Amino acid sequence: MIRYPPVVLNQQEVDSVTAVNRKKVRPKSFERKLERTAYLFIMPAAILLIIFCIVPMLGSFFVSTQKMGVDLSKAEFVGLDNYTKALSDRRFLQSVGISLKYTAVEVPLQMIIGLILSALLAKNTVLNKLFRSIYFLPVVASAVTVGVTWQLVLHSNIGIFTYWLKLLGMKDANLLNNTSTALYVVVFVAIWKTFGISAIILVSAIQNISDSLFEAAAMDGAGKIRQFFSVTLPSIMPSFWFLLMTRIIGSLQMFDIVYTMTGGGPSRSTTTMVVYIYDQAFNSMNKTGYSTAMSEFLFVGIMAITIVMYIIMDRTSD
Amino acid sequence: MQYDTAVQRGKAPEKYRKAPFTVRLVRFLKYIPVFLLLFGFAFLLLAPLLWMCLGAFKSDPEVLSYPPKYFPVMNHFPENWANVLKQIDFMGMTVNTAIYAIGTTIPAMFVNALAGYAFARFRFRGKNVLFLLFLATMMIPFQVVMVPLYLEVYYMGWLNNFWGLIVPKIASAYWVFLCRSAFEGLPKDLEDAARIDGMNEFGIFAKIMLPLIKPTMITVLLLSINNCWNDLLWPMIVASKSSMRTLSNGLAIFIGNRTDNYSLAFSSAAVSMLPMLILYIFGQKYFVAGQVTSGIKG
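Protein chains in written order, with our numbering: chain A, 2 to 319; chain B, -15 to 282.
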């Protein structure tokens, strides 16, 4: 056996041999060049986002302290008046109430329907695939199409659903023109349009669960329903929380279906927050400053929900 | 997935053997209520859409008849359609919508993929801060920036033209994330090999890496076109002039709430949905992929 003399290396040589710190080994100019390229690549998107997202966001705080019309020519600084005005505006508070009521009804129903359907549709059979693609269909339809369709379907004279409801014994089936039912119709149509997304997101979460978990549960004698509650449900929790968060945020921002189906009526019973905000800014009085102040409340609410949900998600994921 | 004793004794697993007739019968019977539930949902979903499409072929007296007729007796679509064209500038609105959708989508694919590529493949100072900044823009509700954005567009002189409609909608953090996660999955050797061959960085991006994430790019393409096609709020704000109206915007105004011009409502709603329906039929898996990625990755 040959014996080598001991080799003594200084730190620099050790580094270069083991390449612990590759940054030092690689030529500096090359790193610099890559860094410059990266900035160059990000620049177009970053500039557009800064101009059309971040600046308007910061600008909104300025606009919300102004009393102004559609441009800045007659703008007048009023401090926090718009905010205090909003808090005493009965119609604004009513619209907040309607938005909250809408969210409180829509989100749980949507989640339950999504969960049940995803459990039933998780297997990739031909029939299940067909059902999934049908359920997903309204997602590509515009809110205007959906709004018009449902308006006609529920029309008091010509609507096919109205006719069916009358056959089922509802004498005065005029759901869209009734202040006590119109909001629930909007909830129904919103769920009708989006339950496909919810179901499919949960289906793909279920399909990502390893089969061995189900096999182990089956070995232990768990039936299908027990498996759903003990294996499926805990495994899809991250997707579930995320979906819940996006649904809540989306519901609070409800605009287009309401706008095209009821226009906020009858007698303001479906005027959600965003419909009211839009109306104040661009339809009735052009009170853009005031409407922006109201939208800041929405922003704070959404921020709070996002943060709370992220904390919950963080806790459940580990 | 029940393991019987035969499986435990080492015979072929259950799923590779045909179950006995009685087992299959029981399975079939158990599936009936499930099928009925799924079918009920499918019916509830398709019935209004089908009824609307049939309505496009009916004459006004047929639409108004009581009890309602399900199927049109004769094809009245041509006259309904002529009526639509007489009353609203449907073709002009379609052209506007197409320009808005394509004009936004093509630059969006390029700009956002480029940023996503940089976030996925390069190390640079300030990466995390920039990334957080991008993330933050996704959380801003559109209603908050609506008025300031309108003012910006107004002072740029872009009100009621395509610049104002398109440019603010190009960059989207959501597409950046979608592209970033796709680029992250590609092997490092590819770009190193190209670099050694002397290719410049943009060439590596455009000629080597971008073609490799084609499915993601198709997803971005279809979802972005669909988003623009169905977008209501932004066109309503910046494109209020009648010659600039898009389909959503224009139809919302003409047949929005409380319509009594039924043939107009039926036919224009049915026809305006057609392009997206075709897109969905051919690109269903991409639509689904786009929604699902957002749901899982967060």
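In case anyone wonders, no lab produced these hints; they're calculated from the structure.
Among the clues, some could well be false.
Computed, partial: chain A to chain B, Cβ under 10 Å [as the list claims (entries may be wrong)]:
no. : residue
1   : Lys34
2   : Ile43
3   : Leu116
4   : Phe229
Treat the numbers as computed from the prediction; the structure is a model and nothing was measured.
All C-beta atoms, glycine included, are put in the ideal place defined by N, C-alpha and C.
| said: Flag every earlier hint the structure violates by its number, smallest first. | reply: Hints 3 and 4 contradicted; others consistent.
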